[in-house]
Amino acid sequence: MNCAAVRDLLPEHALGVGNGEVADIEKHLSWCAACRKEARDLERAAGMMAFALAPAEPEPELQERIAETVGEAARRTPRPAAVPRRGRRAAVIVLAAAVALAGLGAGAVLARRGDHAAELASQAQQQHGELARFRQFIQNAAFVDPGTEAALGNLTPRGKGSARGSALTIVSPNVADQVIVIVNGLKDGGEPLTVTLVGRRGRSLLVARIRRLDAGGGATVASIVKNDLSSYKRVVVRDAAGRVVLSGTLGAEAPVSSPTP
Amino acid sequence: MEGLLAGDDAAIRALYARFGRAVYTMGLRLLGSREAAEELTQDVFLTAWRKAARFDPQRGRLSTWLMTIAHNLAVDRLRRETGVSRPHLVLVDQVPDAPGADEEYVLMERDEAMRALGSLSDAEKRLIARTYFRGMTAREIAEADGIPLGTVKTRLRSALIKVRRANEQKEPS
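Protein chains in written order, with the numbering used here: chain G, 1415 to 1675; chain U, 18 to 190.
No wet-lab data here; the hints were simulated from the structure.
Listed below are several chain U residues computed to face chain G (Cβ distance under 7 Å; list not exhaustive): (1) I29; (2) Y33; (3) L45; (4) E55; (5) F62; (6) M84; (7) H88; (8) V107; (9) V109; (10) A133; (11) L134; (12) T148; (13) R174; (14) V180.
C-beta atoms are modelled at their ideal positions from N, C-alpha and C, and glycine is treated no differently.
Just chain G, same shape as in the assembly (with noise of 0.2 Å):
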């Protein structure tokens, strides 16, 4: 996106209704000195309509209801105080993951002289079954801090199709978010496949490149990312003509069905 494309969309991402460009502007505004200052002017101003409404009077006892929500909602997560972000240990959390799910594309493989369909169903399942393993282990692992949330959801062809995939999203109050995701039975050619991540009001967020997948179609990808990812829920998996070939939602884990053949 060049600054002329940039300049264009800042009113309304400033505004807070942007059309799901977020991650191409704010890649821009990482490099580019002029337009982000515009950004963060026009930001500025849109902040200061937050206090141009009449005030109204809430209820007295919506402080008490209040302090008494967020205090639960501590006790029953409790974090940490706040501490810079450390990409090294989560690069660890990520690494750890990676090495662990990678063996997993071997089945794959052997798959194509039998019942393939079958087999990447049974694969996709085990797939899962390790990344729902990693998550509880991310949500209590000592070393993991308090509040990391971690979602899972299964990926799945648009119309038939034998490919699967799952997608793991470790969301850490502390360190950068990260994002794991294993595909498999997709077609050759199609390479080099891009992961997003979408978000509120169709925000979209590229996380990974697939630039090769194995003999049997499949791949693992990791990555550790700035944004925020808590509010990205859909994950989508195009190849090189940018065709969906897997998508799914995190959080919603249907259990792993059986491909069409």
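Mind docking chain U on chain G? Use the hints.
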């Protein structure tokens, strides 16, 4: 913020005492009912607790951060619940003596908002209100009014620049 992170009762109450009314106001004025406004206020403070570690004072004020959360949640709800009639917007310059208009904690923010509104024509106020308070995109406004998309975008930018300039000399360096 550390108190909020830890779920400390006094910290939550202090944050509410400072910004609770402003958040509730946004809920009531945008969504239209006390019930929706209370729900929104609760969601905003829960979200603030969850994201407290991400607040960066070097990037902006606490008030801006909290009201951005409130605005995002309110606009999400507006856009999700299409077909629901919304209340007529009442801006602070229309009722300067409303309860809380002299609230000490947000006096600076309220002054900025008054200067911002004073810098805009009625048409510009309406345009900003439709986007910021109603969640309409430039395209939706262009289609509704039958004017080119580029014109709406230009007017939005120009209105925001006016708001910015109106407050430029008043901001601490």
